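Novice: Using this note's numbering, you'd call the opening residue of the sequence shown number 9 and step up by one each time.
Bear in mind the hints are in silico, worked out from the structure with no lab data behind them.
Every value quoted in this text rests on a predicted model; they were computed, and no experiment measured them.
Have a look at the derived ranges for each label pair, beta carbon to beta carbon: (1) Met133 to Pro165: 23 to 33 Å; (2) Ser81 to Glu161: 43 to 53 Å; (3) Pro141 to Gly55: 42 to 52 Å; (4) Gln87 to Glu161: 33 to 43 Å; (5) Met9 to Gly115: 21 to 31 Å; (6) Ser13 to Ile99: 13 to 23 Å; (7) Thr127 to Arg54: 18 to 28 Å; (8) Glu168 to Ser112: 52 to 62 Å; (9) Thr127 to His101: 16 to 26 Å; (10) Gly55 to Thr127: 18 to 28 Å; (11) Glu168 to Ile59: 40 to 50 Å.
Cβ coordinates follow ideal geometry from the N, Cα and C atoms, glycine included.
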Amino acid sequence: MILFSNWQISADGTVIARQYDNLSRKLVVVGDMPDGYIWDLLVSIRGNLDIIRLGPMDDGIGVLLTADNLSISGNYTIQLRGTLQADGITIRHTNQVSVYIPPSLSGDAQWPTVPTEFTQMEQRMEELNDNPPTPGPNGMWMLYNPDTGAYEESDVPLPEGSGYAIGDGLKIVDGALTVDTATEVEEDNTKPVTSSAVYVQLGNVEALLANI
Numbered sequence: 009m010i011l012f013s014n015w016q017i018s019a020d021g022t023v024i025a026r027q028y029d030n031l032s033r034k035l036v037v038v039g040d041m042p043d044g045y046i047w048d049l050l051v052s053i054r055g056n057l058d059i060i061r062l063g064p065m066d067d068g069i070g071v072l073l074t075a076d077n078l079s080i081s082g083n084y085t086i087q088l089r090g091t092l093q094a095d096g097i098t099i100r101h102t103n104q105v106s107v108y109i110p111p112s113l114s115g116d117a118q119w120p121t122v123p124t125e126f127t128q129m130e131q132r133m134e135e136l137n138d139n140p141p142t143p144g145p146n147g148m149w150m151l152y153n154p155d156t157g158a159y160e161e162s163d164v165p166l167p168e169g170s171g172y173a174i175g176d177g178l179k180i181v182d183g184a185l186t187v188d189t190a191t192e193v194e195e196d197n198t199k200p201v202t203s204s205a206v207y208v209q210l211g212n213v214e215a216l217l218a219n220i
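Construct the complete structure from the given sequences, taking the supplied hints into account.
Specialist: Here it is in structure tokens:
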């Protein structure tokens, strides 16, 4: 775990991960993080540099480490970089700290040939392509958030005439407009009934006729 305070970071002394660990260990930065920044972790060891984009996690911001991130054992020098999201050009760095990654006996991962952040960006683009925007129930586009794995309402309105209000007998299920049906036939029911409810009701009528 990395501790953040007023643009100073420190390591808590625990082993973050071991060489060649893959998708089993997280590097998490906790503290009073300023809002409005995009966070990158700069990592250096033996002349090799990697840049890893950090995302929101329950405890703060962080990343799930891959074997490529941990392909070299030894003392890593790390530094946090914040880029102001409002303009994309205002950048601030923290101090540098050293963390030790113990060696493992086997593994065939290689240090990334391009910074990890570019691979992460490519993965995010693939997720966005696989989850295109959908019309929302409030007249706004619903956009997929790769960080949460869910759709969220945006502030972008749908084209005029494409919005709709949800009335009686309709409902939204997983972003899709569906019919709100009733499973039983009741005297004051105004909803459409399912075929199974109709079948049960017809059975009751047949039983009544048989007793007349």
